[in-house]
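Place chain B on chain A using the hints.
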Amino acid sequence: MEGGIVVERVSHVYAQRGRNVHVLDDISLAIRHGQFVALVGPSGSGKTTLLDILSGLVPLQAGDVLVAGRAPHAGRPDTARMFARDALLPWLSAYQNVYFAARTRPGLQEREKAILTLLNEVGLHGFERVYPRQLSQGMRQRVALARTFSLQSAYVFLDEPFGALDAQTKLLLQDKLLALWERFRSTVVLVTHDLGEAVALSDRVIVMSSRPGRILADVTIDLPRPRSVRALQTRREYHEIYSRLWRELERAAGMTPESVGAG
Amino acid sequence: MPASAEWGAASRHFGFIVLGRLALLGIGVAVWEALARTDVVPAAFIGQPSIFLPFLLAHIADGSLLVAIRETLTATLAAFVIGGIAALLTALVLTASPLIKQLVDPFIDAMNALPRVALVPLFIVWFGLGTLSKIVSGISLMYFILLYNTLAGAHSVDPDHIQLARSLGLSRKRIFTSIVVPTAIPAIFAGLRLGLVYTLLGVVTAELIAGGKGLGSQISYYSNTFDANGVFAVLLVLVILSYALARLMTYVEGRLMRWR
Chain A
0 MEGGIVVERV SHVYAQRGRN VHVLDDISLA IRHGQFVALV GPSGSGKTTL LDILSGLVPL
60 QAGDVLVAGR APHAGRPDTA RMFARDALLP WLSAYQNVYF AARTRPGLQE REKAILTLLN
120 EVGLHGFERV YPRQLSQGMR QRVALARTFS LQSAYVFLDE PFGALDAQTK LLLQDKLLAL
180 WERFRSTVVL VTHDLGEAVA LSDRVIVMSS RPGRILADVT IDLPRPRSVR ALQTRREYHE
240 IYSRLWRELE RAAGMTPESV GAG
Chain B
0 MPASAEWGAA SRHFGFIVLG RLALLGIGVA VWEALARTDV VPAAFIGQPS IFLPFLLAHI
60 ADGSLLVAIR ETLTATLAAF VIGGIAALLT ALVLTASPLI KQLVDPFIDA MNALPRVALV
120 PLFIVWFGLG TLSKIVSGIS LMYFILLYNT LAGAHSVDPD HIQLARSLGL SRKRIFTSIV
180 VPTAIPAIFA GLRLGLVYTL LGVVTAELIA GGKGLGSQIS YYSNTFDANG VFAVLLVLVI
240 LSYALARLMT YVEGRLMRWR
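Quick note, the sequences are listed as chains A and B, same order. Counting in numbering that gives the first Met the number 0, the first sequence runs from 0 upward without gaps. Counting in numbering that gives the first Met the number 0, the second sequence runs from 0 upward without gaps.
If we strip away everything but chain A, and leave its shape as in the complex, we get (with noise of 0.2 Å):
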């Protein structure tokens, strides 16, 4: 299989206060090349682990893993990664925190104006030169999307990026990042507690248990492309698909609502 991400066999253990953690079991799944995955769960479930392996963060311990048909490391050129909370350096403005990682990436032509067209594209023109402190969490989290995309990476891995912001600003920055996604094409994992962001982003849920994690569900969503999250708030099919999905959940698990978050 050319490009895409494959993952076999994979289980993960942490050792926390003397104890063993079993976080991961036996997870398989083979994402294809240019394709919009969200892993969601509850908390405890493994996927920020299985989004750590994938970006190199963490090593491998069990199984395989290849991203592009190679192992992956941590600081792979074609690889992104997004934090949950922003990881904005304070020190440096909205413009110099982006060019901070984007020039670890030699080779991209006329940076500078990429950047400025990303800042532009996720509503932060006339911000570049304000620094972290002074701006909004949601804004800040702009800075954070921005910087991603500016590494121009096939593989992006975004990990709860939304978990923080209020309801309004949320469906706002969903909208940037597909916006961003429909430009680049990258192959994107998203790690969320939000089942609705997951339906309104992906092209496929990976639903997980709690600890250890196991797959549940493996959900197509095939809601037409391009989406705006905005617009499909309103419509039937969206949120068929949620309580469908729903329902599978508390099916597969035996799970009340609370143990996964409504979006």
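Derived from the structure by calculation, the hints contain no laboratory data. Careful, some of the hints might be misleading.
[Claimed, not checked] Per label pair, the in silico range of CB-to-CB distance:
no., chain 1, residue 1, chain 2, residue 2, range
1, A, T116, B, R259, 26 to 34 Å
2, B, N111, A, H72, 38 to 46 Å
3, B, V251, A, A216, 58 to 66 Å
4, A, Q167, B, A151, 38 to 46 Å
5, A, F183, B, A95, 33 to 41 Å
6, B, D108, A, H72, 36 to 44 Å
7, B, G253, A, A216, 51 to 59 Å
8, B, R259, A, G2, 40 to 48 Å
9, A, R128, B, A60, 48 to 56 Å
10, B, V17, A, G122, 39 to 47 Å
[To be verified] Which bits of chain A does chain B cover? Going by a derived footprint, with three or more residues having C-beta under 8 Å, they are:
no., segment
11, 83-94
12, 98-105
13, 112-123
C-beta atoms are modelled at their ideal positions from N, C-alpha and C, and glycine is treated no differently.
Below, chain B without anything else, positioned relative to chain A:
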């Protein structure tokens, strides 16, 4: 933004604050003067503003206080620079090598817990009555204050920033220069600000004991001759110097760290 609203309120009350502070100062001086004049507290103990203020001006005019100020400030500056550079170099080594840091940590703690002022007589035995023992006394305070602050600053690196740097493929050296150092800068400045004031303290303490020409020696001289007005005149100089140095550091800090 709350910060700017606060600032707006401060600037609206600016005139009131300045006048209010001057009034407080005036009341303080007036009460002091009254206590001394009415002999409620003997003027021999607390001095008398109407005597030591002219005394102060006269000694500034004839240059004798200026010599003392220069003497004290030169030693302070030397101790600040030498102690500061030594502290930063030590912090660099200890941050680069966690193993060495772990090794020497208890010794640094112990040295820092030691009241350095108590060492001053020993410094005078070792380095004589001259400028050197004053500088060493200043260094003994400056070095540990800045070392502590710098290590704490370097230790406060946000784990998210390290993860980001790793995901970008930055080398250990680049992580140090582009993440650890900028993170530590505010703590380093706090250390420099505090260290400067304490260096002055260290130098003046050595002068109190060793004599010579500095401000501390002047205090020692005036108190030994029961001249409270002389003591207060020199103390006033020290207060102004110390305050000015601290403000200067705050100003430089503000200029260099606009992002805060």
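Results of checking the hints against the structure:
1. A:T116 to B:R259: 26 to 34 Å: holds, 29 Å
2. B:N111 to A:H72: 38 to 46 Å: holds, 42 Å
3. B:V251 to A:A216: 58 to 66 Å: holds, 60 Å
4. A:Q167 to B:A151: 38 to 46 Å: Roughly 39 Å apart at Cβ, these two residues keep to the hinted range, so it holds.
5. A:F183 to B:A95: 33 to 41 Å: holds, 38 Å
6. B:D108 to A:H72: 36 to 44 Å: Holds, at about 39 Å.
7. B:G253 to A:A216: 51 to 59 Å: holds, 56 Å
8. B:R259 to A:G2: 40 to 48 Å: holds, 44 Å
9. A:R128 to B:A60: 48 to 56 Å: holds, 50 Å
10. B:V17 to A:G122: 39 to 47 Å: holds, 43 Å
11. 83-94: holds (count 7)
12. 98-105: Since three or more residues must qualify, the claim that chain B covers the segment 98-105 of chain A holds, with 3 doing so at under 8 Å.
13. 112-123: violated (count 0)
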